[in-house]
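Peer 1: Protein sequence lines correspond, in order, to chains A and B. Quick note: the first sequence uses our numbering, first residue 1, plus one each step. Quick note: the second sequence uses our numbering, first residue 412, plus one each step.
One should not assume that every hint holds.
As the list claims (entries may be wrong) - Within a straight-line C-alpha distance of at most 16 Å, the following computed EDC-like cross-link-like pairs (lysine to aspartate or glutamate) qualify:
| hint | chain 1 | residue 1 | chain 2 | residue 2 |
| --- | --- | --- | --- | --- |
| 1 | A | K194 | A | E303 |
| 2 | B | K482 | A | E261 |
| 3 | B | K534 | A | E303 |
No lab work stands behind these hints, which were simulated from the structure alone.
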Amino acid sequence: MAAFGLLTYIAASCWLAFIFPQSVLAFLLVEASFLLLCYVPAPPKVKLFLGALVLLVLLPSLGAINGYYLEIAIQIGIYVALALGLNIVVGFVGLLNLGFVAFFAIGAYLWAIFGSPQANEFIAGGFFPLSPNWFFPFLLLSIAVGALTGALLGLPVLRLRGDYLAIVTLGFAEVVRAVFNNLDKPINFTNGPKGISPITKPPLFFKPWLEFFGWEFSDATLYPMYFYFLVLLVVFMIIIVTRRLEDSRIGRAWKAIREDEMAAAAMGVPVVRMKLLGFAVGASFASAVGVLFAAKQVFINPESFTFMESIGVLAMVILGGMGSIPGAILGAAGVTILNLQLLKGLSLWLNGLRQSGTILTLPLLGSYPLSELPVQFEPAKYERMIFGLILILMMIFRPQGILPPRRDQKR
Amino acid sequence: MALLELRDISKRFGGLQALARVSLEVEDGVIASLIGPNGAGKTTLFNTLTGLYQPDDGQIRFQDRSLMGMKPDKITSAGISRTFQNIRLFSHMTVLDNVLVGMHSRVHTGLPEILLRTREFHKREKEALHRAMELIELTGLTGREGEWAHQLSYGEQRRLELARALAAAPKLLLLDEPTAGMNFTEAQSLVALLRELMGRYVQAILLIEHNMRVVMGVSHRVHVLDYGEKIAEGDPDEIRRDPRVIEAYLGSGAWAKHAQS
């Protein structure tokens, strides 16, 4: 019964989005179907099927009509991957990391430097940019590089606890950003604040097959779809890896360290090794998705990897529910949608009211023509404020997050 | 040969001599007690034994192997595990997961096996689960395994700590005030449980305890610490009559009064 209701809802919302391809509201309704999938009781197989239906068929079809949908979905996917990585460090191992974006930056620059003419600056021979076929090897390489840098950062700082660790990770991220910002001299490795462009996109290895079946697409329409499925694949892999780790002695050891480090050590958990592993795994996720980000953006510069990005991802993990995989996913999706669609939509709407000269009438307070609103109160400026308010309200009324970890009752 | 052998262990915190040349042996098959007034250094001795502190001086040997400089997890793998005086469970983990964490050093699944979910992984995980359930049953927590540890009652939490310590399959079990806060009946059933553990689950137990009825009832051997020094050792009867022990516990006038009566 519930399954039927879900199906009806999904069908109706997608139909709306098909009819009104420009409507933010219609697309939000489609996105809300995932929320329903989380909360409505239905057999897991049905939910899985419906979720796959939306992700694999309906969303891409909508994206074919309005490319903006795909762009949003890709952004959500990237943040979901980052939140899942940070969730391991903060949610499972309990180490506050305020510089998580550093690993994202490392992955992004790894592909940006070698996947663009940039590497010609310091490696002679004109081998660069590498051909698109190198994209996937670099995706794998970035996992190793991320894990290595994660462990290297971990080695000196894991003796620190709580606040001290947070400050050091914050410093690390700033150092990484400063290095990328300044490493254009004496040898030009990163092209400094000007950034790197153009970055090679992944290979369209499937194009011959499409042509074989008689489907002709321009690269411009193929790439967004391609990135969408790539991100989806990476996120899917990350979820599998995280779930398997969580449900093993490694995951149990991580949580034990979070709960009581001394007791964990006394119970035979090699605390330092497990913390390093947590750091490395989280960093490798961020680094891998960084490669994707660089290829998608075509252009990156140090501005994309500021402290605010780290904080944003942390907010996603905390809002979603620390230590919970569905929580991290939902938190990342929620915050991204909020920032890119809801708040933008709100300020556009308010601006529309202002320009059309709507008069706001309040009981007892009189009426105000919105067109006379001073520039300082421009609706776009409310976006951050509302986001901040939501954070505050969430922490007051639901400090454990939207989907906190549940007790495991399957055994 | 003694299972555990401490030779002249000293530990100093700033101006406080927490342990001063303490020597002690725990034989195979023995329940030994460590008693002494508050601040005598009993828990410090446990922390030193389990690698949480490094002794300033002395030798620790377990099964004829030195434990000096070993990390806590290595000491646990070597076969010593413990409970804590102020319960230190993993609160936001289930009862079952608490016990499974105790098995960390006994379940040898590596990263590739975990990620690939090999047959070996499932086999070991199943074995661990089976053993955990057995320990949960032994400590009378059956039916609670899905609860979060902090949801248990005080007495249940104490028993869960015991189950978690046993999960590490120790040869020597260290218990820090296992009956603290328990009433007479609860303490009695714990004593019965400790006797049941001997030989079947552990080879020896060393416990810190303030409840003298428990100490005298269960111990084969009693060691007394006072101000970081070992002042006496013997079977319960010898300890009961030892003037230094009575003095440490009741003050210097007490022995005279005791002798008169």
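Peer 1: Now tell me if each hint is right for this structure.
Peer 2: Comparing the hints with the structure gives:
Distance hint between K194(A) and E303(A) is fulfilled; the C-alpha atoms sit about 10 Å from each other, no more than 16 Å. Using a Cα cut-off of 16 Å, the hinted pair K482(B) and E261(A) holds, with the two alpha carbons roughly 13 Å apart. Between K534(B) and E303(A) the CA atoms are separated by roughly 49 Å; this puts the pair beyond 16 Å, and the hint is violated.
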